[in-house]
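K.L.:
Below are the chains, spelled out letter by letter.
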Amino acid sequence: MRVKPILFGVVVVIVFMSVVVISQAAGYWSTSGKVTTSGELVNPSADDVETIKGWMTLNQISDTYAVPLSEILWEFSLPDTTSGDTAIKDLESETFEVTLLREWLVSRMNGEKPALTTPLPMELSPQPSATPTSVTTISGTPQVTGEITVTHIAPENTITGKTTFQELIDWGLDMDVIESIIGTPFPGGEIIIKDYVTGLGMEFSPVKTALQGELDKTR
Amino acid sequence: MNSQSPNISVLESIKKLIKKYNLNHQTLRRLVQLCFAAFIIITVVRHIVIGEDGPVITASAEAYCPFGGLETLYKYLTSGGAFVSHTHLSNVVLFIAVIVTAILLRSAFCGWICPLGSLQDLVSGISKAIQKRLPKLKKGLQSIKRNAPWLSTMDRVLKFGKYIVLIWAIGGSAYFGYMVFRDYDPWSALINIAEFSFTPGLIVLLLTILLSLFVERPWCRYACPLGAISGLAGKLSPVYLKREESACTLCQVCTKACPMGIEVHKAKTIQSVDCISCLECVGACPRKGALEIHVGYTGRNSIGGENAS
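Residue numbers (the numbering used here), protein chains in the order written: chain D, 1 to 219; chain U, 1 to 309.
Isolated chain D, as found in the complex (with noise of 0.2 Å):
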């Protein structure tokens, strides 16, 4: 059977696109990991801190866990000033990060007085420029008098998510060193770390330890 050039074009157009139809159809297509399949947002499980991601942002965190805004603040040391809005992957640093997150949330749905971090790389010192705000006390934390102001300062050299073994070499970190920690032959300095460590199956929190304090000894 013979098949006009312009008859095949339609039809490959129609083919390919009934195919990513049908699957939207159904509810089999997805284009980002923070909406499900019917388009809804993805909110953690109030059961399981695990389903906690970094795209989250922190009223989500405190909707579900049942948790004042401020008292995260609190604890981790942010700026009071901080948007609730705000993505929990943007503030990482080194007293706050996803993997902490959920430590705390857990000691604190266990009932257990949760610790304050330490060492916390803030400042603590009235500031006449900037209006003074009040933190709010929470029962079970930490109470904290007068007004003050945090200010969160974000070191360098701080590992985070999106950290490349490649930024590693360049602040200082011997590849054996690193290759000693992850295990395995260096696997190039593009890469993200977190990417590389998760895709082996390893949780990316100790190895970020481990990395961090290495690059501690650096500094």
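No wet-lab data here; the hints were simulated from the structure.
In silico DSSO-like pairs for lysine-lysine, Cα to Cα no more than 30 Å straight-line:
id: 1; chain 1: U; residue 1: Lys-75; chain 2: D; residue 2: Lys-34
id: 2; chain 1: U; residue 1: Lys-75; chain 2: D; residue 2: Lys-53
id: 3; chain 1: D; residue 1: Lys-4; chain 2: U; residue 2: Lys-19
Listed next, with one range per pair, are the computed distances between beta-carbon atoms:
id: 4; chain 1: U; residue 1: Lys-128; chain 2: D; residue 2: Gly-213; range: 56 to 66 Å
id: 5; chain 1: U; residue 1: Gly-296; chain 2: D; residue 2: Ile-14; range: 11 to 21 Å
id: 6; chain 1: D; residue 1: Asp-90; chain 2: U; residue 2: Ala-148; range: 54 to 64 Å
id: 7; chain 1: D; residue 1: Asp-90; chain 2: U; residue 2: Gly-296; range: 55 to 65 Å
id: 8; chain 1: D; residue 1: Gly-188; chain 2: U; residue 2: Ser-79; range: 22 to 32 Å
id: 9; chain 1: D; residue 1: Pro-185; chain 2: U; residue 2: Leu-158; range: 22 to 32 Å
id: 10; chain 1: D; residue 1: Asp-90; chain 2: U; residue 2: Gly-140; range: 49 to 59 Å
id: 11; chain 1: U; residue 1: Gly-296; chain 2: D; residue 2: Asp-47; range: 52 to 62 Å
id: 12; chain 1: D; residue 1: Val-3; chain 2: U; residue 2: Cys-35; range: 15 to 25 Å
id: 13; chain 1: D; residue 1: Val-20; chain 2: U; residue 2: Pro-286; range: 30 to 40 Å
id: 14; chain 1: U; residue 1: Pro-238; chain 2: D; residue 2: Phe-186; range: 48 to 58 Å
The structure displayed is predicted, hence computed values, not measured ones.
All C-beta atoms in this analysis are idealised placements derived from N, C-alpha and C, irrespective of residue type, glycine included.
Given the coordinates of chain D, work out where chain U should sit on it, guided by the hints.
P.N.:
Positioned in the frame of chain D, the structure of chain U alone reads:
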């Protein structure tokens, strides 16, 4: 009262439009390529402008890469629905769409839809326009091709490169659990160009654009892993091109028009894994009925003589 069914009316309208604007398959192909490329450009711009933390969730253009679907497939199937980083369900669906298209219509995705293929077509088109204005340059390039037969040998050998890339990309992703090919992928480099990251993929992209000035579709010919798997799936397709010897004058216009370097004029049926179903050969053929698209499993292998496969 109109007795025609709506479907027939739509078909009639399409036919009238085609006739009115003298629309041929080559114009349609360019339009389709343009539409898909425009969609990707809009997606990239929207993602940059709105960002990841904007008021609405914007999909990254990487979510529309079919090859990402193949790279994540192993993890998706073995881990019960998890994806490797930078991939989503859409990647898997688009990969399935590419394979279904290939099984039915050969590698038509490459020839009609793929925006990276369109980019190479665009650069080659610019090169041809320049050569048209500078005949000396054209003659010089033709002379090099004539006097260097090793170039065609190299072309044939390099065409196997895409299978090596395919094995590396799939095997690496399955073994390591992340996309080993991503940093070398020119498509990934292009859609993430706003990040200003100097990756090996950017070098491959620049090399592809540069080579496209002299060789048509260099990435598709030598390195594209998606084209490799699409070509292999296309072997199951009932669609093939048939050269009618009684009508053919062996002018070789079809071979010169083929962007994948297939020697169409020497074949009786074209079933090559490298054929991207762009139908440039059909459009270029000056003899009516000398080169046509056929559908069916019987007949294509019973014809004597050489097949371009």
